[in-house]
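Protein chains: 2
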Amino acid sequence: MEHKALKDYMRKMNDFEHAMTLIGWDLKTGMPPRGADGHISALTTLSSEIFRMTTSEELKGYIEEVKASKTIYDEITIGSVRKLERNYEQIKNMPEKFYVDYVELTAKAEHVWEAAKQNNDWKGFEPYLEELVKMSEERAYYINPQKPVYDVLLDEYEPGMTGNEIDTLFTTLKNSIVPLVEAIKEQKREEYRGFKGTFSKEMQKEAAEYLLDYIGFNKLAGRLDESEHPFTTGKAPDDVRITTHYIEEDAMSSIFSVLHEGGHAIYEQNIHPRFKGTVLADGSSMGIHESQSRFYENIIGRNKAFWLPIYKDLQGIITPYKNMSLEEFYRGINKVEPSLIRVEADELTYNLHIILRFELERELFTGQLAVKDLREAWQDKMKKYLGVVPQTDAEGVLQDVHWAGGCFGYFPTYALGNIYGAQFKKALEKEKGDISTLLMEGKIGEITAWLKEHIHQCGSLKLSQEIIAESCGTGVNAAPLIEYYHQKYRALYNL
Amino acid sequence: MEHKALKDYMRKMNDFEHAMTLIGWDLKTGMPPRGADGHISALTTLSSEIFRMTTSEELKGYIEEVKASKTIYDEITIGSVRKLERNYEQIKNMPEKFYVDYVELTAKAEHVWEAAKQNNDWKGFEPYLEELVKMSEERAYYINPQKPVYDVLLDEYEPGMTGNEIDTLFTTLKNSIVPLVEAIKEQKREEYRGFKGTFSKEMQKEAAEYLLDYIGFNKLAGRLDESEHPFTTGKAPDDVRITTHYIEEDAMSSIFSVLHEGGHAIYEQNIHPRFKGTVLADGSSMGIHESQSRFYENIIGRNKAFWLPIYKDLQGIITPYKNMSLEEFYRGINKVEPSLIRVEADELTYNLHIILRFELERELFTGQLAVKDLREAWQDKMKKYLGVVPQTDAEGVLQDVHWAGGCFGYFPTYALGNIYGAQFKKALEKEKGDISTLLMEGKIGEITAWLKEHIHQCGSLKLSQEIIAESCGTGVNAAPLIEYYHQKYRALYNL
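Protein chains in written order, with the working numbering: chain A, 3 to 497; chain B, 3 to 497.
It should be emphasised that the hints constitute simulated quantities derived from the structure, not laboratory data. Beta carbons: idealized from backbone N, C-alpha and C, even for Gly. One should not assume that every hint holds.
[As the list claims (entries may be wrong)] One-sided excerpt, in silico: chain A residues whose CB lies under 8 angstroms from chain B:
1) His20
2) Leu24
3) Gly26
4) Asp28
5) Lys30
6) Gly32
7) Met33
8) Arg36
9) Gly40
10) Lys221
11) Arg225
12) Glu228
13) Lys237
14) Asp240
[Said to hold, decoys possible] Listed next, with one range per pair, are the computed distances between beta-carbon atoms:
15) Val114/A / Ile312/B: 21 to 27 angstroms
16) Glu128/B / Arg13/A: 32 to 38 angstroms
17) Glu112/A / Glu472/B: 45 to 51 angstroms
18) Tyr90/A / Met3/B: 53 to 59 angstroms
19) Pro275/B / Gly477/A: 56 to 62 angstroms
20) Pro275/B / His231/A: 29 to 35 angstroms
21) Lys136/A / Asp10/B: 26 to 32 angstroms
22) Ala7/B / Val403/A: 33 to 39 angstroms
23) Gly447/B / Glu228/A: 51 to 57 angstroms
24) Thr321/B / Arg13/A: 33 to 39 angstroms
25) Ala7/B / Ala7/A: 27 to 33 angstroms
26) Pro147/A / Lys110/B: 52 to 58 angstroms
[To be verified] Straight-line alpha carbon distances no greater than 30 angstroms define the calculated DSS-like cross-link-like pairs of lysine-lysine that follow:
27) Lys94/B / Lys30/A
28) Lys385/B / Lys221/A
29) Lys278/B / Lys30/A
In isolation and in its complexed conformation, chain A is listed as follows:
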């Protein structure tokens, strides 16, 4: 049975979050420039309302009631309580003053970071990062003084995962990717001229809408907008919004960002409606979420078989591609080339950007690395893993916003997403046959149906480890990803 009072309580929290989500979306899409103060003020009020509701005595009472008679409550109530208790544990010991100071610091640090990146001014940002690391350590202590700091931070993004586990996974991955990239580099492949051209916004928008329809993004329950950086937001499953950006000289950027955000959105749209209004109506973890976005972007979107049935349509929309063969297109979208910027990296080297960040941020919290040495450590690892070294801070240690926002433990979820995704691919193929065959036959719906059944519809009722165990019959494991990369890139580069 359900717990009526708890259900109403969650509905109210959900309604406040609903409002915050829309305000956050508007802030980055169509808000008039002067509207920011009003939006931020409303966000502050609503988030402190949610904070209060997350830690209230009333909620604690409901949690205790449900835990005391677990057998009589339904799965949604039990699952919600597990998640609510986790959230509660995260903040119950945090002094409100500390919480407010911390939120203020991250807001300020993001601001400073923005200017520092623009001016290549690592020194200007360093003291803020120093302070962010210090407060994050303190934060972790309030949450759980027994566990390693980094593991506590990680728990916010990938519950149940530890730094050691990730380190093992990433070391295996790194040892396999670095030599593969080396071998590819030696080939010195030609430029793909066909990608050059001028691409009107209208043309790119039409392609974006076409691809969203094709992969199964439901426009009755979502919409596409423009923003500086692409993102997915909204409330699952009925109102899930994605954005992209249109670059005039490069249509690829929006095409693959739409497939990526489309993957996030299809996940959210497929969450079972029975979770509506509860805390379970969202993704299981950041890693699982990234596994879905990367599944649509890479495993599907960079597969030749995906484009076979629709490449002619794409050429009809993106007319400058008229003279580029599917083969050239396919090679172009899979060109491997070590580079400086994470968000522009190819499918393969992307992992190395993540592993580098994971190793560095973890060392910051084990005491092996001091903030003052971070820039140099960044340079060293770039050289070692990718063979390229940034000449400016904007292209180096200052390129991402995450640390400025206090989001330590966030980065690894991107590569975990790749690992999970390949595991799902393997399990899916065992049941449904080769993905390429399905794609070639235009049966992308069957792929989505499998993902929906095993992953999407669960919402956050299950942890990532539970989802993987149940759908793949194994633990988290990098082997399928490594196998997929070797197979794909050895064929592409005749290795």
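Based on the hints, put chain B in the right spot on chain A.
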């Protein structure tokens, strides 16, 4: 001095309202179809939060504190308390059960009305209107059992105004307009062919943006979107949003709706920033708000002098107007012709549509008219005032949503807006000279500056009667409107 705790309290209410405003805007503009339930749920939660805050013991305490030592507090605090107390009085005696039932009834009745209008089914809507009148009477009783029901209802839209006062104003107006319209009708003017054509959405949108810039709508603090029915919303003064609709065969509809909503928006954008975050950061009353929208739509927008400096630009954008002279354009936008639909009526006959609705709704609450006789009474008055009789309910008694939403007392504010507007015009001209001269010289900014100084910047610190007394030196008075109509239409129709 200010009252710190009250200020923070209002800020919080304001933040909740901010969220509601954005959700309401999104609901009518870009929301994905399935998003409605989530939006409505959030609106319900937020509005009950505001209801609670409006009637809390905490707020009552602040109000008493301020009232007990009026001399030490500043104008904003005193003004806010006056408004908060008025809001409090409105609902303090209302049982929560009644309030919830009432909100439910209006939601349901709007739904039924929509279907009834579509099917010309007055009988289907009648029992709901019956119930709405009954509950509105009960509502008025909870608010103030001493005052006439209709005056209580009116107070929500036009504080301080009574049914008797409006009746006197409207009778004068009616007695002057009906014969004027009769005289015009006898002229049997030709059709204005120049208005016919096909007008692309892009063309109309460009004209809308051009006109908004020209009249002084600030795009740093607002935006223009599309919706089925045009409206203005947002939080003054920094985020004020308007919408319009584009009809392919008629560019006039969007041009004048943009001038109308632009007038509402300029009012809100010009509210003094010192009121931000308080209950005073909105318009004084519905009547004053309409006076501003109608000022820009009619007194300015249907004046030939307004178009003189920009008509060539308009022809450059709305290219089908290339062969229409300014004179024909001017006559066309001021064509008087009695018709069935309020929102499509010309400047002059519009008032008769309003007076009819005012008289009917007032009679519903004085017991002079029963709901079952409303349709017939509507037909009779249409014939008497406008000389036309609707053949269907959709064109007649069911045409407007207001009554279905329980908004009795709303209609008269439209014609009050016309009356106030002409009073402002007269006062403005006394100070700045003839409006037509200013417009001809492109000095629309001077007109807006006057309106800003006397009306806009006050927010809702002053009641409409106070604004009129201070800016015009008189009470509310229909003579300037009647004079303006006679002067304008006698010239246009050579009477």
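Going down the list of hints, with the structure as the test:
1. His20: holds, 4 angstroms
2. Leu24: With a minimum Cβ separation of about 6 angstroms from chain B (threshold 8 angstroms), the hint on Leu24/A holds.
3. Gly26: violated, 11 angstroms
4. Asp28: Asp28/A check passes; min Cβ-Cβ to chain B is 6 angstroms, inside 8 angstroms.
5. Lys30: violated, 13 angstroms
6. Gly32: holds, 6 angstroms
7. Met33: holds, 7 angstroms
8. Arg36: holds, 4 angstroms
9. Gly40: holds, 5 angstroms
10. Lys221: holds, 7 angstroms
11. Arg225: Holds, about 5 angstroms.
12. Glu228: Violated, about 12 angstroms.
13. Lys237: holds, 5 angstroms
14. Asp240: Given a least distance of 4 angstroms, the restraint on Asp240/A holds.
15. Val114/A / Ile312/B: 21 to 27 angstroms: The hint (21 to 27 angstroms, Cβ to Cβ) is violated, given that Val114/A and Ile312/B are roughly 46 angstroms apart.
16. Glu128/B / Arg13/A: 32 to 38 angstroms: holds, 35 angstroms
17. Glu112/A / Glu472/B: 45 to 51 angstroms: holds, 47 angstroms
18. Tyr90/A / Met3/B: 53 to 59 angstroms: violated, 41 angstroms
19. Pro275/B / Gly477/A: 56 to 62 angstroms: Between Pro275/B and Gly477/A, where Cβ atoms are some 59 angstroms apart, the hint holds.
20. Pro275/B / His231/A: 29 to 35 angstroms: At roughly 31 angstroms between Cβ atoms, His231/A and Pro275/B fall inside 29 to 35 angstroms, so the hint holds.
21. Lys136/A / Asp10/B: 26 to 32 angstroms: holds, 31 angstroms
22. Ala7/B / Val403/A: 33 to 39 angstroms: At 37 angstroms between Cβs, range holds.
23. Gly447/B / Glu228/A: 51 to 57 angstroms: violated, 33 angstroms
24. Thr321/B / Arg13/A: 33 to 39 angstroms: violated, 53 angstroms
25. Ala7/B / Ala7/A: 27 to 33 angstroms: holds, 31 angstroms
26. Pro147/A / Lys110/B: 52 to 58 angstroms: Cβ of Pro147/A to Cβ of Lys110/B: about 55 angstroms, so the range 52 to 58 angstroms holds.
27. Lys94/B / Lys30/A: Given pair Lys94/B, Lys30/A is violated - Cα atoms ~40 angstroms apart, limit 30 angstroms.
28. Lys385/B / Lys221/A: This hinted pair is violated, its Cα atoms lying about 48 angstroms apart.
29. Lys278/B / Lys30/A: holds, 22 angstroms
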